[in-house]
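Engineer: Position chain Z relative to chain G; hints supplied.
Here the protein sequences line up with chains G and Z, keeping their order.
Heads up: the first sequence at position 23 corresponds to 23 in the working numbering, and the numbers run straight through without jumps.
Going from the second sequence to the working numbering is simple: count from 1 and add 1000.
None of these hints come from the bench; they were simulated from the model.
Values in this document were obtained by computation on a predicted structure and should not be read as measured data.
Every residue, glycine too, gets a C-beta built ideally from N, C-alpha and C.
Fair warning: there could be bad hints in the mix.
Distance windows between CB atoms, simulated [claimed, not checked]:
hint	chain 1	residue 1	chain 2	residue 2	range
1	Z	His1645	G	Asp643	37 to 43 Å
2	G	Lys571	Z	Arg1648	35 to 41 Å
3	Z	His1499	G	Ala4	35 to 41 Å
4	Z	Ala1195	G	Arg622	41 to 47 Å
5	G	Asp643	Z	Gly1573	34 to 40 Å
6	G	Ser604	Z	Pro1237	49 to 55 Å
7	Z	His1499	G	Arg622	21 to 27 Å
Coverage of chain G stretches by chain Z, computed from C-beta distances (three or more under 8 Å per stretch; other residues unrestricted) [said to hold, decoys possible]:
hint	stretch
8	132-146
9	637-644
Lysine-lysine pairs mimicking DSS-like chemistry, simulated, CA-CA at most 30 Å apart [unchecked claim]:
hint	chain 1	residue 1	chain 2	residue 2
10	Z	Lys1496	G	Lys618
11	G	Lys574	G	Lys625
12	Z	Lys1246	Z	Lys1291
13	Z	Lys1496	G	Lys496
14	Z	Lys1625	G	Lys496
15	Z	Lys1291	G	Lys625
Number of protein chains: 2
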Amino acid sequence: MEAAYSKLWLDYKPLDIPFSGSLAIRCLKGVRRDCAAVSELITALSTLLPGAELTFGADSAAFIVELDIADYLSPEGYTLSADERGASVSGGSEAGLLYGVFDYIRALVTEQGLTRISRKVSPALPLRMLDHWDNADGSIERGYSGRSFFFRDNEIIISDRTVQYARLLASVGINAVAINNVNVRGEAVRFLTSAYYQKLDMLGELLGRWGISLYLSVDFSAPMSVGGLPAADPLDPAVQSWWREKAREIFSSVRGLGGFLVKADSEGQPGPYAYGRDHADGANMLARALKPWGGKVIWRCFVYNCSQDWRDTRTDRACAGYNTFAPLDGHFDDNVILQVKNGPMDFQVREPVHPLFGVMKNTALAAEFQLAQEYTGQQLHVCCLIPMFREIMEFRMHNGRDKDRVLDMISGAAAVSNTGDSFCWTGSELAGANLYGFGRLCFQPELSAEDIIDEWVTLMFGGNEEVSEKLLYILLGSHEAYEKYTVPLGLGWMCKPNHHYGPDPWGYEFDRWGTYNRADRDAVGIDRSGRGTGYSELYYPPLCDIYSSPETCPDELLLFFCRVPYTHVLKSGKTLIQHIYDSHFEGCEQAEEFYRLFRSLEGSIDAETFRNGCERFKEQLRCAKEWRDIVNAFFHRLSGIEDEHGRRLY
Amino acid sequence: MEAAYSKLWLDYKPLDIPFSGSLAIRCLKGVRRDCAAVSELITALSTLLPGAELTFGADSAAFIVELDIADYLSPEGYTLSADERGASVSGGSEAGLLYGVFDYIRALVTEQGLTRISRKVSPALPLRMLDHWDNADGSIERGYSGRSFFFRDNEIIISDRTVQYARLLASVGINAVAINNVNVRGEAVRFLTSAYYQKLDMLGELLGRWGISLYLSVDFSAPMSVGGLPAADPLDPAVQSWWREKAREIFSSVRGLGGFLVKADSEGQPGPYAYGRDHADGANMLARALKPWGGKVIWRCFVYNCSQDWRDTRTDRACAGYNTFAPLDGHFDDNVILQVKNGPMDFQVREPVHPLFGVMKNTALAAEFQLAQEYTGQQLHVCCLIPMFREIMEFRMHNGRDKDRVLDMISGAAAVSNTGDSFCWTGSELAGANLYGFGRLCFQPELSAEDIIDEWVTLMFGGNEEVSEKLLYILLGSHEAYEKYTVPLGLGWMCKPNHHYGPDPWGYEFDRWGTYNRADRDAVGIDRSGRGTGYSELYYPPLCDIYSSPETCPDELLLFFCRVPYTHVLKSGKTLIQHIYDSHFEGCEQAEEFYRLFRSLEGSIDAETFRNGCERFKEQLRCAKEWRDIVNAFFHRLSGIEDEHGRRLY
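So that you can see chain G by itself, here it is in the shape it has in the complex (with noise of 0.2 Å):
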């Protein structure tokens, strides 16, 4: 039977060169035969390599793939030497190994020959990990590929997608996974119980073969639910002698456990205020139950009041992880990781980075990313997130640090998962750039996003040069198309309520969640600065001073920090309602433009993936259109201005 999904970017095929005779891999010495990376090898050389005869060490084969293990290297780095007679690659551990193996067979295939190379690598941030908000029954919160591939009706599945699964994320350099939504509902409060350690510990070990340590998301109350015991209360021994037990307990039943992740204190899931800690109490309390075992727990930062009153207009979301937790820096134990979002709000198209990357100095932190496009069209639309998780990462936050990037300030980044049963793994084809590119981002964040992008298009679709053009034309150009269909300036929240899909301006304005764009007849957006809700505090000079000022603040982040008339000039010489028309028809003439190129693509590539694309692009495009006319027809309804250019307005 053939699988039913796509293979993606390990979808070997034979290279287009001559080669016959010998091929030997010999494993050097610490180099089990049977460890994921000579496996993969094997797997990769017979299909490229397809008139090689495979042997194990034997010298006087033509071409020889020598494997080590080097001590001198990081558990995680290794050395690729290659040319046209073999290629030598030694890990720091099988993990590095492993990394350097798909490195080389990555090369092989975007250079289609035996090239050669000389290469030293090892990952830049040490915790490379996805999170999968994949409930017990098989749905997935926030999920547009389908139904979850770890679980079903309560159960955990362990298929031989699970295989590939592992076998796809290790190519990249994820090292982690959390397998179940923060948000722990249902059955999943169970996990912590003996009923599930032996199908955790299958999945743990099978994952442990690629490389990638399992994390399971737990209720904080868990002594609670599952222990029956009367309160939660991190200072409570009772509850830190429980959480001790349940880690002697699940860590040694079930391999490959990397620890715990906590969604506490948020959207009404239990923490440590109800007890009246802090969460450096409720944190460091998990910590110490996992420390022996070597275990982490990565504490997620998305603290705030989701029932607020719209008319309070000096309570801002914004502030509200910054101030959870800023003051907690230094009291966190070193195995807690904070897992901190990429801005201050909620995945939107645009967020200033959040300012608790620059403050928190003696504190690991993780940055947290969004694979599943929530906010940024669901997978129907194109939208290539990783030139804005590059800037990101490479964002200066002038602490004083003499490196001062986000990245230089994180030991770890973690992303949604945007993965389901789909047949292609992320409902759209092209969303599989985002969840490769992420991975390779995390190893190697020198790597241009223009560089990642061709790398993935020419493993996923080969090399033809039109494809590849067109294609990374269309993903490259794809986040700023949609930013300027949707929400202008970083204003943020015109979605639709609940599902989040499709523009309602409004739809967040009169509600509980801090979301909101203050628009009236004469201006829009939220001061931030000192003289309003003292958001742009929160960041180091000169920061702090070019946000709170409209003459300072970047365009593309005005509406965020800055409260201005739509006759405000922007710094292209627009007026800023000028601006909004503007841009929401250009992004709309792109997605129009992505659509035409994508369609010229038929018979250049397969027919399923021209199928679903097409599918996809012409909702993108109705979608943009509804975009384009209710974003535009808000604003003109409020400010009674005309188009300069008299295009027909609603």
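Structural biologist: Coordinates of chain Z only, in the frame set by chain G:
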């Protein structure tokens, strides 16, 4: 075991009069001793007059109630005469007799004594119907009173609650009930199969005993979904024959069946349009199948395009029902009744009266009302609809008939029920007034709303004058208050999408439902005159002229018919914008006053009603403030005009 539900206005209690001795019921020729009228009389008298010795037919009794069937009366009519020595009730049939008996009991309770009465009554409308939107799985569409008591898990339920419900309906003169949702989905499609006939027969027999005909909502495409035919074209002989055979089968199996209720070609339901046929073709085809069995087809006129482009300002949903049905006047068979919603949109707090009531001079019509408070506070807010219903029935269509009120143009009225399995049947005790009042109004529309509500309050809460006065005040003022703090001047559709509770001024503005307010910084409302969408021209003079100009249009419908600037001066002398502000503050104060008045009844009404009421009044007040502040903020932000009284706007 105590019944898990209230007896509502049939909770008889001993009268506060001295009565002992014998009391005889005499059933004259034609009156069966086991008919509902007799059993109700026994139930009532044995409780009302606990000292009485109840016998049958003893001439020597001190007090005699004589029951008779009289040919000269219309079947549902009755005469009632009574004094301190006895009473005589004659009905045109057992149904008329039953209504007379209920009238007599009502008089005993409200007068608290053996009063003198002499009257002849017959119901104004032949069809007095409740439509249940109950689904086979037990859920209720737009239900705010718990689950269905007709269905559970795809089974039909018959219990003592069913009997109690039949008594309640009969006591207010309801003579027909459609038990399932007009959106016929899931297992309900199969009610037309023999699997359900036995239960339907039991139910039909039970209801019939109380003078109530059983109606089923049916799927227009049942020949396909049930019959397996390839199509449901009403002009296809195979389809006609299928329905004829189905009618024979079900009418010969189910006693008390009155006919079918059909929602066709509306909001996704199948209908004749799929086959290029019109609604007369569809309705008549069914009517002919039911004709031999005396069955009726009740055909809804709620047909409109629910995929409208919001950019399209020429298409007007308000015109849709008229445009679909007016050309077909006179084309319907005589056992078809067209069910026309009270207004052209959908049960908003204020709409003009539907123009079809004027133009359909040669078609049997029923007015459709909604007791379920879908758009009027969902039974969390008190909103007594009886004054509005009465106003609509009394509204003159000026269509050239001698008697030209809506009441004169219809032969029936149906209302979407507000009941469920909640303890008090309607979620809120006070919402019961709508159920009671609708029945009474259909029977005797000459009664004033105040008469009806006063009667209900007395039956429900006894003769305590303070209680009666306060509840009467609350109920009679409640619709006006709700209108004031929600949607101004007939504008409609400012509720949250989907669930329709709470404010969202532009929640329906950019959507596909044909429900727009077209507000901008200068003006609001839709010009529906001949210069605009032309809707006002669907009325006869002088209505069409009155509605076509802001100078003559009644204020309460101004924003339905006209587009006017915020500075437009109303007949009240206020500007439109000031009226919006004032009415929202006033309505909210009324909600506050209602809550205060209700709280003052503690101890004077039963504890459960008090507790339940307080909870709901509290929520009403909270929500009224939301409405006030959001609607005022919306118009303030658009208009930029401050409140004359300097009150806080957001």
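Engineer: Hint by hint, say whether it matches the structure.
Structural biologist: We went through each hint and held it up to the structure:
1. For the pair His1645 (chain Z) and Asp643 (chain G), the beta carbons lie near 38 Å from each other, so the given range of 37 to 43 Å is met.
2. Under the hint 35 to 41 Å, the C-beta atoms of Lys571 (chain G) and Arg1648 (chain Z), about 37 Å apart, fit the expected range.
3. Distance hint check: the CB atoms of His1499 (chain Z) and Ala4 (chain G) are about 38 Å apart, consistent with the given range 35 to 41 Å.
4. Checked against the hint of 41 to 47 Å, the C-beta distance between Ala1195 (chain Z) and Arg622 (chain G) comes to roughly 43 Å, which is consistent with it.
5. The supplied range of 34 to 40 Å is met by Asp643 (chain G) and Gly1573 (chain Z), whose beta-carbon atoms lie about 39 Å from each other.
6. Taken as a hint, the range 49 to 55 Å holds for the pair Ser604 (chain G) and Pro1237 (chain Z), whose Cβ atoms sit roughly 53 Å apart.
7. Distance hint for His1499 (chain Z) and Arg622 (chain G): a CB-CB separation of about 26 Å, consistent with the stated range 21 to 27 Å.
8. Counting residues of the stretch 132-146 of chain G whose CB lies closer than 8 Å to any CB of chain Z gives 0, so the stated coverage by that chain is violated, three being the minimum.
9. With a threshold of 8 Å between beta carbons, the proposed coverage of the stretch 637-644 of chain G by chain Z holds, since 4 of its residues qualify and at least three are required.
10. With a CA separation close to 29 Å, the supplied pair Lys1496 (chain Z) and Lys618 (chain G) stays within the 30 Å bound.
11. For the suggested pair Lys574 (chain G) and Lys625 (chain G), the alpha carbons sit about 22 Å apart, so the restraint of at most 30 Å is met.
12. For the hint pairing Lys1246 (chain Z) with Lys1291 (chain Z), the CA-to-CA distance comes to about 13 Å; that is within 30 Å, so the pair holds.
13. With a C-alpha separation of about 12 Å, the suggested pair Lys1496 (chain Z) and Lys496 (chain G) falls inside the 30 Å cut-off, and the hint holds.
14. Restraint check: the Cα-Cα separation between Lys1625 (chain Z) and Lys496 (chain G) comes to about 24 Å, which is no more than 30 Å; the hinted pair holds.
15. Between the alpha carbons of Lys1291 (chain Z) and Lys625 (chain G) the distance comes to roughly 52 Å, so the proposed pair goes past 30 Å and is violated.
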